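> Residue numbers (numbering that gives the first Met the number 0), protein chains in the order written: chain A, 0 to 95; chain B, 0 to 474.
Derived by calculation from the structure, the hints in this document are not laboratory data.
None of the values given here were measured: they were computed from a predicted structure.
Mixed in with the good hints there might be a few duds.
To be verified - Straight line, CA to CA, 20 Å or less: simulated DMTMM-like cross-link-like pairs of lysine to aspartate or glutamate:
#1 B:K374 - A:E41
#2 B:K337 - A:E41
#3 A:K87 - B:D326
#4 A:K80 - B:E323
#5 A:K24 - B:D405
#6 A:K23 - B:D326
Stated by the list, open to error - Okay, the calculated beta carbon distance ranges per label pair:
#7 B:K243 - A:L3: 54 to 62 Å
#8 A:D2 - B:D326: 22 to 30 Å
#9 A:L65 - B:S13: 39 to 47 Å
#10 B:S287 - A:K87: 57 to 65 Å
#11 A:L75 - B:S12: 26 to 34 Å
#12 A:L89 - B:S287: 54 to 62 Å
#13 B:R375 - A:L89: 43 to 51 Å
#14 A:L69 - B:K337: 26 to 34 Å
#15 B:K243 - A:V86: 48 to 56 Å
#16 A:D11 - B:H222: 50 to 58 Å
Think of the CB as a built atom: it goes at the ideal place given N, C-alpha and C, for glycine as much as any other residue.
Listed below, chain by chain, are the residues.
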Amino acid sequence: MIDLKTVYYVADLARIRLSGEEAKKFSAQLTKILSYFESLKEIDTDAIEPTSHVIPIKNVFREDLLKESLPQKEVLAIAPKRKGPFVKVLRVIDTG
Amino acid sequence: MELFQQTAHALLSSLKDRKVSPQEVAASLLERVKGLDPSIHAFVSLEGDFETPTAFPGGSLPVIPIAVKDNICVKGRLTTCCSKILEGFKPPYHATVVERLMANGVYPFGRTNMDEFAFGSSTETSCYGITRNPWDKERIPGGSSGGSAAAVAADLAIWALGSDTGGSIRQPASLCGVVGLKPTYGRVSRYGLIAFASSLDQIGPITKDVEDGALLLSLIAGHDPMDSTSAERPLPDFRQALKKDVRGIRIGVPKEYFTEGLDPEVGEGVRQAMDTLKRLGAEVKEISLPYSRHVVAVYYLVATAEASSNLARFDGVRYGLREETSDLLSTTAMTRSKGFGAEAKRRIMLGTYALSSGYYDAYYLKAQKVRTLIKRDFDQAFSGCDCIAGPVSPTGAFRIGEKIDDPLAMYLSDIYTIPVNLAGIPALSVPCGFTKKGLPIGLHLLAKPFAEETLFQVAYTFEQNTPFHEQKPRL
Chain A
0 MIDLKTVYYV ADLARIRLSG EEAKKFSAQL TKILSYFESL KEIDTDAIEP TSHVIPIKNV
60 FREDLLKESL PQKEVLAIAP KRKGPFVKVL RVIDTG
Chain B
0 MELFQQTAHA LLSSLKDRKV SPQEVAASLL ERVKGLDPSI HAFVSLEGDF ETPTAFPGGS
60 LPVIPIAVKD NICVKGRLTT CCSKILEGFK PPYHATVVER LMANGVYPFG RTNMDEFAFG
120 SSTETSCYGI TRNPWDKERI PGGSSGGSAA AVAADLAIWA LGSDTGGSIR QPASLCGVVG
180 LKPTYGRVSR YGLIAFASSL DQIGPITKDV EDGALLLSLI AGHDPMDSTS AERPLPDFRQ
240 ALKKDVRGIR IGVPKEYFTE GLDPEVGEGV RQAMDTLKRL GAEVKEISLP YSRHVVAVYY
300 LVATAEASSN LARFDGVRYG LREETSDLLS TTAMTRSKGF GAEAKRRIML GTYALSSGYY
360 DAYYLKAQKV RTLIKRDFDQ AFSGCDCIAG PVSPTGAFRI GEKIDDPLAM YLSDIYTIPV
420 NLAGIPALSV PCGFTKKGLP IGLHLLAKPF AEETLFQVAY TFEQNTPFHE QKPRL
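Just chain B, with the same shape it has in the complex (with noise of 0.2 Å):
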């Protein structure tokens, strides 16, 4: 096996044994990226990561490298979420995250696409351009996270980070095959991520396999005084939850998941891998949660109505594209029509709307009241189960361009990993088998807040037990 398609654990073991050198690791990705992402496009920029291995630090100690999702602050390094309006934007210090894995010996290799500042499910509003499916390079790999994803599936990189605002991390890793954690909200610091909804928004893990998840969520999560909404709890070895089977665990699915709208192949394949679980041990029953229909509007005015306001920072004058003109209210308007996409603008309108006067009760805090509601349903079902389980995605990848004239329909394909994030638990992606046409499929799992340790527990006893994740895309 070559050193790229190494996970991380097992190249931790390797280093540490120096059996092989960080530089080596650095090649050997090196040599992977230059010769294959041309026509993956994971990646918007390798600027100053590793032009040559030699300058990756670490000397002998045991350095792995990372991709980070271009919406994480990394110091001195481009980080532009993909937006035309924070070109050439070099952050002043790091991201929480990034300072903890460079002081764990882990570094950021290479920025990847996503997303115009994560607004998205298929990494084609990217103002770099699109990333394609490692899978079938006719169609998207997700989003907003889909550079990070295509590039853990495709070997371009060790394992990434990814942010999770409705599904941007456990949505893409499902289309690749990967394993894609969203923690739960204020496990890992947002301090350093751009904000996109801030009462939603989670940085979290995109990786080969359940063990290294464990292992980087282990090195990002805990309190940060930078971040005020970051909790202080305890924080487990999140890898000692991976000893335990899945025997006595009560896993709840819920009858809303599996109605119209899913693509029978993938609710055929979510159900083979709950056979899978009753046969391990675990209790499966059918729960429900009465709210579903209504999170996509709950969160589509309550996502766009935060990112409205996140935005409203972008106005040419601390950072980012100017476009000056002779007064201050135009140059604010000039710049942000160019610097913002399509997407972007529909949000930020939208939001803007949900907000204004005379529609703020009426959509607004209509919206924050039936979340109120979706939170109750979680609290209810987690009351007789240890576990919900469903589908990632109503289907597989689809194709590039099928859906981004249609903002609705884009806006559909995040029912399932919506109230996820609007309800603040902790959720998992874990490949679970593939279409009739190859196409991967994900299981999602998802738990009461801050039992991630159940996730893995749940996720690595299905992994060990099934195929799916020794699968690679034949590139």
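Isolated chain A, as found in the complex (with noise of 0.2 Å):
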């Protein structure tokens, strides 16, 4: 069961503001949801192990070779605030 407390829960880690009216529609439609994933309870899985990628491979490196990189100005152009060759962004600490 996820209630509107979780339901508010999970969107706040989410950082998503819900209206009263989408918390409840959530609240119903993922219970639902959940349940049928309860399925899964049923299946022994104790000795085996979890599947994250289905292709083996681990550790892809490269050489460190110096590359031409994305021009600063063409991706500085597409963020919504900017000052001079910076990103802005909101201040993050408390200065008070």
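Make one complex out of these two single chains by using the hints.
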């Protein structure tokens, strides 16, 4: 059961603000979806390794070579707020 | 036959023989799109691509246009995943597939509609509105690559690129009566594909026939240093596979796929396709994939967990929408609340929940373990057959609005396509008939990892011996 409190808690973790109506809808829908997922509990997986990736690749390295990067001007141009050569963000440290 | 109706391989030979110019092809397509797309809405933007046919590159070189799904980066052109959160986004680089196509004279023509961030099976969650199925405009085209499939089916595009995380190429291809392929995980570079679920996503072709599918895969596949999960495997000329027939090919038919939930007309269409393949010399036998009934649960835990992590990057700082308030936290939350649609929020929430402290083991880790069992099912099945066949979608195209308020019903429509992504294997949809209402049915063919040639071999033999791919919607 995904109650309203859980919905708001998860929304907060996901950095999403929900309206009261949205939260109510998600509570009902997520409860239904998660109860469908309960069938997985029937399966004994104690001795089973998890699969996070299907092809056996790990630690892919490349030569440490100097290469041209994307032009700064073009990359900055897509940021919604910028100042000079920087992307502008809001204050993250409280100076008070 | 009009130029816009042709396949890429047919056009390519006319272009090489200088019987037709690239500009004539572009003009023919542009006129078709302008006349017909207002009633289909396969495209979300044509900006910069082909405002005038003479702007089409190539001069006298054989240049062919391709429609590109809106989640594949084309430098300097709108690429928005059909989401408000990427409003106005123009990537500063090309996806590797786009780079490779352009180097071979294949140029982007239009961005196609899709479910927001590829979250959906009906193309109804796009922020630009719905796409209509060319076979019945009151029905959905499938999704998430619904725009690409509808464009190819309605001759609004010669061919198209889609992406497939749980069926998003094959299901719309099936519902629109065209050919769609999800390559083996790692076969095609994901660099420049805006990520949904990184362990499942693949870019692939949506085409009018199997030969174009083989040609397009040959152009986009291969190792790419920009994608650390792209496989270093030899790259065959996939068109060579078309020369072989199906004599001696062992086709396994999972008994779990012909049970409740499958529309009898679709089941009948697929069974008749098996009979055709048998008549053509294939050996058809029943197999079992015991974990089939758990695939939807596993997929919607793994895929949403990966999506919630991938979509954390949309915070209004480096690109896209920004809803500025006085502090950082509420700016991020307001930006995401305004930018994401309902299904995107639902999936982010589901994934965040599955990964959250206290629930990780019960949901995410459990799903990853059952994923191992699903993959083992396929390993075992393929020890006794070369190819697996079944339905792509449990029903023909459903009505617009039919499932949009019932997310679980929508998720269950992916039941046959999902296991392919979980196991990382290649699979293809090829037209195999029509329902009584005249809606296309697709035959689903699955093969071992990196055995796309088997898929092309079986699908091409089937296609060349059946009339279904020649039928076009009346528009």
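> Could you run down the list of hints and mark each one as holding or not?
How the hints compare with the structure:
1. B:K374 - A:E41: Judged against 20 Å, a Cα distance of about 18 Å means the pair holds.
2. B:K337 - A:E41: Measuring from Cα to Cα gives roughly 39 Å; hence the hint is violated.
3. A:K87 - B:D326: The hint holds at about 13 Å.
4. A:K80 - B:E323: holds (10 Å)
5. A:K24 - B:D405: holds (11 Å)
6. A:K23 - B:D326: violated (27 Å)
7. B:K243 - A:L3: 54 to 62 Å: holds (59 Å)
8. A:D2 - B:D326: 22 to 30 Å: holds (28 Å)
9. A:L65 - B:S13: 39 to 47 Å: Given about 46 Å between the Cβ atoms, the range holds.
10. B:S287 - A:K87: 57 to 65 Å: holds (58 Å)
11. A:L75 - B:S12: 26 to 34 Å: The hinted range 26 to 34 Å is violated for A:L75 and B:S12, with Cβ atoms some 45 Å apart.
12. A:L89 - B:S287: 54 to 62 Å: The hint (54 to 62 Å, Cβ to Cβ) holds, given that A:L89 and B:S287 are roughly 56 Å apart.
13. B:R375 - A:L89: 43 to 51 Å: Between B:R375 and A:L89, where Cβ atoms are some 49 Å apart, the hint holds.
14. A:L69 - B:K337: 26 to 34 Å: holds (28 Å)
15. B:K243 - A:V86: 48 to 56 Å: Since B:K243 and A:V86 have Cβ atoms about 54 Å apart, the given range 48 to 56 Å holds.
16. A:D11 - B:H222: 50 to 58 Å: violated (42 Å)
Consistency with the previously given hints fails for numbers 2, 6, 11, 16, ordered from lowest to highest.
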